[in-house]
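Residue numbers (the working numbering), protein chains in the order written: chain A, 1 to 308; chain B, 1001 to 1257.
For the record, the hints were derived by calculation from the structure and aren't laboratory data.
A virtual CB, placed ideally from N, CA and C, is assigned to each residue, including glycine.
Careful, some of the hints might be misleading.
[To be verified] From the structure, some residues in chain B lie toward chain A, with a derived Cβ separation under 10 Å:
#, residue
1, Gln1018
2, Leu1086
3, Lys1098
4, Arg1128
5, Gly1166
6, Asn1224
[Stated by the list, open to error] Estimated spans, in silico, between C-beta atoms of each pair:
#, chain 1, residue 1, chain 2, residue 2, range
7, A, Arg109, B, Gly1141, 40 to 46 Å
8, B, Val1101, A, Thr56, 30 to 36 Å
9, A, Thr56, B, Leu1239, 35 to 41 Å
10, A, Pro163, B, Gly1173, 55 to 61 Å
11, A, Glu68, B, Gly1141, 57 to 63 Å
12, B, Leu1022, A, Glu68, 55 to 61 Å
13, B, Val1101, A, Lys180, 45 to 51 Å
14, B, Lys1098, A, Lys284, 53 to 59 Å
15, B, Phe1023, A, Val130, 20 to 26 Å
16, A, Gly171, B, Arg1017, 31 to 37 Å
17, A, Glu72, B, Ala1027, 41 to 47 Å
18, B, Phe1023, A, Ile232, 32 to 38 Å
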Amino acid sequence: MIAIYTENLTKKYGDNNVLKEVNLKIEEGEFYALMGPNGSGKTTLASIMASVRSPTSGKIQIYGRKPEKAKELIGYVPQENFSSPILTGKENLMYFAGLLGYSRNKAERIVNELLNKIGLSEDANKKVSVYSGGMRKRLEVATALFPGIKVLILDEPTTGLDPSARRKFLGLIEELRKEKTTILLITHIGADAELASRVGLVDEGEIIAEDEPGRLKKMSGLKNVINIETTIKSEKVANVISNFSEKQKVLETDVGYRVYCKDVEEATPKIVRSLDAIGCKVTKIETEKPSLEDVFFKRTERMVREVS
Amino acid sequence: MGQITATLGKTIKEFLRQKTILFWTIAWPILWVLIGSFSFAGNAPNEVIPYIRGSIAISMSVFALMTAGIANLPGNIAQDRERGLLSKLMSMPINPWKDFVGRLLALLAFSSLAAILVTLVGYICGARFSYTLTGFWQSIGFLLLISLASAGIGMLIGTFIKHVHGAIMSGVGIAVVTAALSGVMAPYSSLPWLLQQFARIYPISSGNSSITYLLVGEDYAGYNPLSTSQTTLTIITSLLLFIAGLIVYSRFCWRKE
């Protein structure tokens, strides 16, 4: 059964075409990731699915119904931390249970089950203001896990989480996946998207590629990537490195660069020598398998993530 | 539990747990009751002082209601919008009107608590009232009108001012300035002619004068705010502000982009 279906879905703000005829088909129980840079339209697409925004044209269905007629099936977790910091974790969930019309006793039972599921039972009576970012995000995901919800839409849930909180959070998503919940993950982090059964790459309001993560990488033609960490990051350094990369494309990372070349064994010592010649020390150089972020860069020549 | 009860419970907990809200709605009016009760009686005869204190306690209770509606309510709405809660609520199978009713009931409950505490402090400081049972219930009616008018202004601010601090500061500013200009914080008789006209049109001020008239006496109200025309004006302007706020809130805060 198709859980989410869009046909030529378009969203315009004035002359700005945020979504351009997006066609998407997500099966029930599928874990689908939409990956793209900030401003690519993925949050707009998610919010249309969640009935927060309206499309300008095109068709969208959640289990065969318009989103506004299928609200009881949708669990939407926006990017912002929407839980109330001055209420406890349990009070926040009780509020959502009340909104959904559960009686006090039933709400109490479901909320306790949810707290257990997300691993927050012991911290249930603490104010959310003392929660870590990861705890708060797990609590907010719990608001989308009440009985009857079939589609979970998560907008950038791991943004701002430290590595440990991120791992724990993704563990929760893996658990939900086993329960056959349909999950739509919006992200700009390649490693998060790789957990999905299918990934759609979004750029400038269009889905430019869509497949299983492994197949997307294979189809990109990328075999190996040289990951370089340098003492200096500058245009001059990037120019030197780009001479060794396919079509002179070099992806800048937080700590250095990623180079795409066919013969990495031959290129590696040459890169080190060339950088040495301009006074730039290489602190780390290694060959890696391409990531989804590399695939995105190869296709668009744009970075998924801003370099800090 | 229904949606109204859930929103009422959440909003009132948020009101009661935020120090800024408690300060502006309860501590600040109490402070003015304390200062006013012992400073502003001047050379008035001893038998009059308890009623002057009574009118100060009423004015500060009204100020508490004003702050709750004009500053706390928009702060609460802006906060929910800023942190994405309104987006989350829009994705859920819930009714915007019930959300509004829940917020309004929370506001009324919190305002009542604030007004009772302020009046109680006034009473402890020597405030005395002179009223009939009918007058008492009529005063409750005017308090309700003041709350509705304040909530209307609050919803207008909360809908159009998107950021929490902006909404709270605008609300506090409007509450303080209009209270000062319209005679809530100063005797009506001391206002210049133009501001006296404003005091009669501004329903919070005319409501305040009506309560003072009913619970303390005409001398302390400065004019007769219970004439048919003035009472009609107070009711109409209160309801108009409330309805305007309600329409704007439900149309724009919950509007899909």
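Consistency of the hints with the structure:
{"no.": "1", "hint": "Gln1018", "in the structure": "6 Å, holds"}
{"no.": "2", "hint": "Leu1086", "in the structure": "9 Å, holds"}
{"no.": "3", "hint": "Lys1098", "in the structure": "9 Å, holds"}
{"no.": "4", "hint": "Arg1128", "in the structure": "39 Å, violated"}
{"no.": "5", "hint": "Gly1166", "in the structure": "17 Å, violated"}
{"no.": "6", "hint": "Asn1224", "in the structure": "45 Å, violated"}
{"no.": "7", "hint": "A:Arg109 / B:Gly1141: 40 to 46 Å", "in the structure": "43 Å, holds"}
{"no.": "8", "hint": "B:Val1101 / A:Thr56: 30 to 36 Å", "in the structure": "33 Å, holds"}
{"no.": "9", "hint": "A:Thr56 / B:Leu1239: 35 to 41 Å", "in the structure": "38 Å, holds"}
{"no.": "10", "hint": "A:Pro163 / B:Gly1173: 55 to 61 Å", "in the structure": "45 Å, violated"}
{"no.": "11", "hint": "A:Glu68 / B:Gly1141: 57 to 63 Å", "in the structure": "40 Å, violated"}
{"no.": "12", "hint": "B:Leu1022 / A:Glu68: 55 to 61 Å", "in the structure": "39 Å, violated"}
{"no.": "13", "hint": "B:Val1101 / A:Lys180: 45 to 51 Å", "in the structure": "38 Å, violated"}
{"no.": "14", "hint": "B:Lys1098 / A:Lys284: 53 to 59 Å", "in the structure": "58 Å, holds"}
{"no.": "15", "hint": "B:Phe1023 / A:Val130: 20 to 26 Å", "in the structure": "23 Å, holds"}
{"no.": "16", "hint": "A:Gly171 / B:Arg1017: 31 to 37 Å", "in the structure": "32 Å, holds"}
{"no.": "17", "hint": "A:Glu72 / B:Ala1027: 41 to 47 Å", "in the structure": "43 Å, holds"}
{"no.": "18", "hint": "B:Phe1023 / A:Ile232: 32 to 38 Å", "in the structure": "52 Å, violated"}
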